[in-house]
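Now for the letters of each chain:
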Amino acid sequence: MTTAAISVRDLTIVRGPVTAVDHLSLEVPSGQVIGLLGPSGSGKSSLMRAIVGVQVMESGSIDVLGQPAGSPTLRAQVGYVTQDPSVYSDLSVLANLRYFARILGVTDDSVERVLDQVDLREVADRLVGRLSGGQRSRVSLGTALLGSPQLLVLDEPTVGLDPALRRDLWTLFHQLATAGTTVFVSSHVMEEASRCDRLLLLRDGRLLAEGTQSQLLERTGCQDIERAFLAIVEGGAS
Amino acid sequence: MTARRTWATARRVLAQLRNDPRTIALILVLPTALMTLLAWILPDSEWQKYAPPLLGIFPMLVMFLVTSVATLRERTSGTLERLLSMPMGKGDFVFGYAIAFGVLAIVQALVVAGVCFALLDLTVRGSAPLVVLIAVVDGLVGTALGLFVSAFAQTEFQAVQFMPVALLPQFLLCGLILPTEELPTVLGWISWLLPLTYAVNAMQHVVVDTQLDTRFWVDAGVITGMAVALLALGAVTLRRQTR
Ligand SMILES: Nc1ncnc2c1ncn2[C@@H]1O[C@H](COP(=O)(O)OP(=O)(O)OP(=O)(O)O)[C@@H](O)[C@H]1O
Ligand SMILES: [Mg+2]
Numbered sequence: 100m101t102t103a104a105i106s107v108r109d110l111t112i113v114r115g116p117v118t119a120v121d122h123l124s125l126e127v128p129s130g131q132v133i134g135l136l137g138p139s140g141s142g143k144s145s146l147m148r149a150i151v152g153v154q155v156m157e158s159g160s161i162d163v164l165g166q167p168a169g170s171p172t173l174r175a176q177v178g179y180v181t182q183d184p185s186v187y188s189d190l191s192v193l194a195n196l197r198y199f200a201r202i203l204g205v206t207d208d209s210v211e212r213v214l215d216q217v218d219l220r221e222v223a224d225r226l227v228g229r230l231s232g233g234q235r236s237r238v239s240l241g242t243a244l245l246g247s248p249q250l251l252v253l254d255e256p257t258v259g260l261d262p263a264l265r266r267d268l269w270t271l272f273h274q275l276a277t278a279g280t281t282v283f284v285s286s287h288v289m290e291e292a293s294r295c296d297r298l299l300l301l302r303d304g305r306l307l308a309e310g311t312q313s314q315l316l317e318r319t320g321c322q323d324i325e326r327a328f329l330a331i332v333e334g335g336a337s
Numbered sequence: 003m004t005a006r007r008t009w010a011t012a013r014r015v016l017a018q019l020r021n022d023p024r025t026i027a028l029i030l031v032l033p034t035a036l037m038t039l040l041a042w043i044l045p046d047s048e049w050q051k052y053a054p055p056l057l058g059i060f061p062m063l064v065m066f067l068v069t070s071v072a073t074l075r076e077r078t079s080g081t082l083e084r085l086l087s088m089p090m091g092k093g094d095f096v097f098g099y100a101i102a103f104g105v106l107a108i109v110q111a112l113v114v115a116g117v118c119f120a121l122l123d124l125t126v127r128g129s130a131p132l133v134v135l136i137a138v139v140d141g142l143v144g145t146a147l148g149l150f151v152s153a154f155a156q157t158e159f160q161a162v163q164f165m166p167v168a169l170l171p172q173f174l175l176c177g178l179i180l181p182t183e184e185l186p187t188v189l190g191w192i193s194w195l196l197p198l199t200y201a202v203n204a205m206q207h208v209v210v211d212t213q214l215d216t217r218f219w220v221d222a223g224v225i226t227g228m229a230v231a232l233l234a235l236g237a238v239t240l241r242r243q244t245r
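If you read the sequences in order, they're chains A and B.
Heads up, the first sequence is in the working numbering, so the first residue is 100 and it goes up one at a time.
Heads up, the second sequence is in the working numbering, so the first residue is 3 and it goes up one at a time.
So that you can see chain A by itself, here it is in the shape it has in the complex (with noise of 0.2 Å):
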């Protein structure tokens, strides 16, 4: 596809004291998996918070789906999960699927599907807040499934879960990218780039490079990405 779901012109984000993004231009293919990679404080969850639109932008602007991130029209289009699992504790499973699924207008059908694709129909009338940390997020992604979106923006969503779950979550978000949707999942963890179609590494807010793994790893010589980071951020560096 040549369509870019995400464009991002001369970025910068500025919060407090800090500039987290600083400048930034890159472009989310549409209908793939990217991931979004960058160590802690890279400004992974700023640039996540820009594109659904609920951040406060310095200068720069983003499109998303064709029109400037935040447009109401983009709020029924993209589904959003932030970095801790944001749903109502004080809630069950069920009971917060439902609550979001009417604020999307989608009927509880949506809820049933769901309940399997994030695997806790087994814990739907538990309270949130019983609920492991692992289940607990799967509730916050579940939320974004709701209305099956064009773009997922998924701030570290396998953060805590057990190698299994991890898995059966990146086959999920395959499946969506091959069904149409645009899958933009960020992460710290270097060893996850291996599942992503196509990679974006981000240092202190500016892009440090992009392109797929293997891309990646054949410019840099290295045997993983981690030391590919590296490499890269090094030789930027000198």
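If you're looking for bench data, these hints aren't it; they were derived computationally from the structure.
Every value quoted in this text rests on a predicted model; they were computed, and no experiment measured them.
There may be inaccurate statements among the hints.
[To be verified] Now the in silico label distances, taken between C-beta atoms and shown as ranges:
id, chain 1, residue 1, chain 2, residue 2, range
1, B, Arg-75, A, Gln-314, 41 to 49 Å
2, B, Trp-194, A, Ser-124, 50 to 58 Å
3, A, Pro-116, B, Leu-195, 34 to 42 Å
4, B, Met-3, A, Asp-261, 37 to 45 Å
For every residue, glycine included, the Cβ atom is placed at its ideal position computed from N, Cα and C.
Assemble chain B with the ligands onto chain A, guided by the hints.
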């Protein structure tokens, strides 16, 4: 803003409250206990004098605190950020909360005033149902103020800081400690900008007058108008984008 989303939000907030007996106790038991304590401490003539204004003040204070805490939690848990990234109107959020806490304000007013009339020998020359009505509206003002303040705040820290700022001056100037006519002129003017002043005033009317004149209805109308205005302002002020 749509009726569907506003209503879904109101129901969701009520469902959360059902799972939260401590907040319900705070809303129903705390003001009742305070009134009982007061009836016990004060000689009867003083109790008859102070109970009505306090029936206006307590609902507002309690509903303000409960609403502020609820919306603060919505901010810290990230659910507000998520909702605002969804097709959720800012008004859906504010009015959904107002409906849910409005229901609680009704129950609260019935319980607290009921206990005062039935068990604590409070007598009013005016209308007891109107006492309940004013108490309900006062609770609503508290909720509206809490929603406005937390919409106004950019961060959860600011929201906490605004709480005493919004409450304490009203408490000093509302006419409970000193009748508003006896306040220094400037403070007197300020007191007429504060909803609690009208609440206390209306309550004092209901108690004294058998025949309610237009001044009572003006007071009642002003507090209701302030509640609606605060809610509308809260909906307008709530920021989708934060730093
Ligand atoms: N609410 C905030 N107020 C002030 N500064 C912030 C805030 N949130 C983030 N920052 C700063 O902005 C910069 C980028 O943070 P951001 O959360 O975007 O990084 P990140 O890549 O998501 O990190 P992590 O992997 O730890 O989640 C950091 O320097 C951080 O300290
Ligand atoms: Mg982050």
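Tested hints:
no. : hint                                   : in the structure
1   : Arg-75(B) with Gln-314(A): 41 to 49 Å  : holds, 45 Å
2   : Trp-194(B) with Ser-124(A): 50 to 58 Å : holds, 55 Å
3   : Pro-116(A) with Leu-195(B): 34 to 42 Å : holds, 37 Å
4   : Met-3(B) with Asp-261(A): 37 to 45 Å   : holds, 42 Å
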